[in-house]
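Q: Sequence:
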Amino acid sequence: MTKIKQGVSKASDWKNNTLGGGGIFVDIDTSEANFENTPHYLTTLEGEKHHWDAGGINAIYNATPKGFRIYLKWVYKFDKPLTASFAEKNGWYIKWTAILE
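Residue numbers (numbering that gives the first Met the number 0): 0 to 100.
For the record, the hints were derived by calculation from the structure and aren't laboratory data.
Don't take each hint at face value.
With beta-carbon atoms standing in for the labels, derived distance ranges [what the hints assert, rightly or not]:
no., residue 1, residue 2, range
1, THR96, GLU47, 31 to 41 angstroms
2, ILE3, TYR75, 33 to 43 angstroms
3, LYS79, ILE56, 18 to 28 angstroms
Dumping the calculated DSBU-like pairs for lysine-lysine here, alpha-carbon to alpha-carbon at most 35 angstroms [claimed, not checked]:
no., residue 1, residue 2
4, LYS48, LYS65
5, LYS48, LYS4
6, LYS88, LYS72
7, LYS76, LYS14
8, LYS9, LYS88
9, LYS88, LYS48
10, LYS94, LYS14
11, LYS48, LYS14
12, LYS79, LYS94
13, LYS2, LYS76
14, LYS48, LYS9
15, LYS14, LYS2
16, LYS76, LYS88
17, LYS72, LYS94
18, LYS2, LYS65
19, LYS65, LYS94
20, LYS14, LYS4
21, LYS65, LYS79
22, LYS48, LYS2
23, LYS9, LYS72
Quick reminder that beta carbons are idealized off the backbone N, C-alpha and C, glycines included.
Can you make the complete structure from the sequences, with help from the hints?
A: Here is the structure:
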């Protein structure tokens, strides 16, 4: 039987990535879905503005039954560094879907 769960992060969940060239990351907690095994995660980045300039939304890191991490960086050279405060100010959040067959 296929199990599907969905959720949304908050704009305030972003953190600055001080390693690996900058950018930001978010840890997504999926523990409320009670998966026994690691599901397949699908994600979208949504917000008010500028989120189309960010890359990395579909790269899932450290996937477990309880969650995963996403790192974002600018795709195009932007005049300001990508920071957690910029993402929060522009209302960026993650919508995720988890599927376990």
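Q: Check the hint pairing LYS2 with LYS65 against an upper bound of 35 angstroms on the C-alpha distance.
A: This hinted pair holds, its Cα atoms lying about 14 angstroms apart.
Q: Taking 35 angstroms as the top limit, are the C-alpha atoms of LYS48 and LYS2 close enough?
A: 33 angstroms, holds
Q: Between LYS76 and LYS88, is the straight-line Cα distance small enough, at 35 angstroms or below?
A: 19 angstroms, holds
Q: Does the Cβ distance between LYS79 and ILE56 fall inside 18 to 28 angstroms?
A: Holds - the Cβ-Cβ distance for LYS79 and ILE56, about 19 angstroms, lies within 18 to 28 angstroms.
Q: So if I understand the rule, the pair passes when the alpha-carbon distance is 35 angstroms or less; does LYS88 with LYS48 pass?
A: The given pair, whose Cα atoms are some 9 angstroms apart, holds under the 35 angstroms limit.
Q: Sort out whether LYS2 lies within 35 angstroms of LYS14, counting only the CA atoms.
A: Given that 35 angstroms is the threshold and the Cα spacing comes to 30 angstroms, the pair holds.
Q: Quick one, are LYS9 and LYS88 close enough, alpha carbons at most 35 angstroms?
A: With a Cα-Cα distance of about 12 angstroms, the restraint between LYS9 and LYS88 holds, given a limit of 35 angstroms.
Q: With a cut-off of 35 angstroms on the C-alpha distance, tell me whether LYS9 and LYS72 pass.
A: Measuring from Cα to Cα gives roughly 18 angstroms; hence the hint holds.
Q: Decide if the proposed pair is consistent with the structure: LYS76 and LYS14, CA atoms, cutoff 35 angstroms inclusive.
A: 20 angstroms, holds
Q: What's the verdict on LYS48 and LYS65, does the C-alpha distance respect the 35 angstroms limit or exceed it?
A: 29 angstroms, holds
Q: Hey, LYS88 versus LYS72, does the alpha-carbon distance stay inside 35 angstroms?
A: 16 angstroms, holds
Q: Verify the proposed pairing of LYS48 with LYS9, using a straight-line Cα cut of 35 angstroms.
A: 15 angstroms, holds
Checked against the numbered hints given earlier, this structure breaks hints 1 and 13; the rest are met.
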